[in-house]
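A.B. asks: Listed here are the chains, written in short residue letters.
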Amino acid sequence: MRRHPTATALAILALAAASPAHAKDTAKPAIDPEAISALHKMGAFLRGQQAFVVQAKMTTDDVIGSGQKVQFGGAVELKVRRPDRMRMDIAGDRRNERVYYDGKTFTVYSERVGYYAAFPAPGTLDDLKDVLEKKYAFDLPLADLFYWGTGQDETAAIQGATRVGTATVNGVTCDHFAFRQKDVDWEIWIEQGGRQLPHKVVITTTSEKTKPQHSMVLNWDLAPRLDDSMFTFTPPPTAHQIEFQPAGRPGARKGGTP
Amino acid sequence: MSKTTRTLVSRILTAGTCAVLLLSAVAAQAIIVRTAVAYRPVARAAVATAAVVGTAAVVGSMVNTLPPACAPVVVGNVAYQQCGSTWYQPQYAGSQVTYVVVNPPR
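Chains C and L, in that order, are what the protein sequence lines are. Per this note's numbering, the very first residue in the first sequence carries number 42; after that it's consecutive. Per this note's numbering, the very first residue in the second sequence carries number 2; after that it's consecutive.
There's no promise every hint is true.
Okay, the calculated bits of chain C under chain L, using three or more residues with CB under 8 Å as the criterion [stated by the list, open to error]:
no., region
1, 139-147
2, 174-180
3, 280-289
In silico negatives: residues of chain C with every beta carbon more than 12 Å from chain L [said to hold, decoys possible]:
no., residue
4, 132
5, 151
6, 204
On the chain L side, residues computed to face chain C include the following (Cβ under 10 Å) [as the list claims (entries may be wrong)]:
no., residue
7, 75
8, 78
9, 90
10, 91
11, 97
12, 99
13, 101
Just so you know, the hints here were simulated from the structure itself, not pulled from any lab data. From the three backbone atoms N, C-alpha and C, an ideal C-beta is built for every residue, glycine too.
Using the sequences plus the hints, can you model the full thing?
C.D. replies: Here you go:
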């Protein structure tokens, strides 16, 4: 298709007029207020969900000794009933665990080795996430879902924010946003319309030479049937309880002389 | 060392917070989302583990992976792994089961 000369001239004029602003933008990445606003809306929407099930497929890059980047995969199913129930089934190349929280006890069970560990948990999921992170250094997959919209997120750290465009994730039409902050570039795909749900997240660690990525694609059920029994761990006869060590305390406490 | 940001969990919020994954993982942080950067030195972890096991297993030392040919043993309702003459006690540390060398329970 041939471009009309007048249109071309206008386009050139428009580019010329825009160039000073454009040059300024390249010096410092722009923050699009709409992108920030979309994050806040998504956070508020997530916080408003009293019960949900989300299935996530994830990939995580790592770098092996030779400096080569390799990818690990995994799947997580998360069930949440606010304020005090959570269940997670983790099936990955490097982790296979089930996590239970019933408002009283947090339990993690590794079926592969037949061990489980537990600690008395705070009464709400909000408090539990802080205990897991700060006291136990327990890496909870999909942890972001518990932080978005809590005010514990730090918009100030975002150095660049832009809407990339419209994209479809698993048949769902989403707005695609890209954010930049120190050491990390990340993208998120948020559902358009009334359900501001994240359907995909890609995180790139830019401070590493190989720029490893972590990605997840999410499938949501906002009207799940959740029974109390799903959140309480009943140990199989073959399972043994082991100690849950707080972070920074590497040794076994009994010294092997029971 | 490789680090992959696995969740947007805070580095800023909790500047001193670490997430231990495998041998070590550090929560870096992100932003609006909390961002966690996890340091996951897989290959190095394996090497370190082998070194610990290969030399005399010092009581109190911890490994992520057991040497081959271990047997699960329960003594006094406490779970152990017996690997030849070396006994390990499993525990959850960070996000995984790790094994601490202990004195033989019997």
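A.B. asks: Going through the earlier hints one by one, which of them does the structure break, listed in rising order?
C.D. replies: Hints 1 and 5 are the ones this structure does not satisfy, whereas the remaining hints hold.
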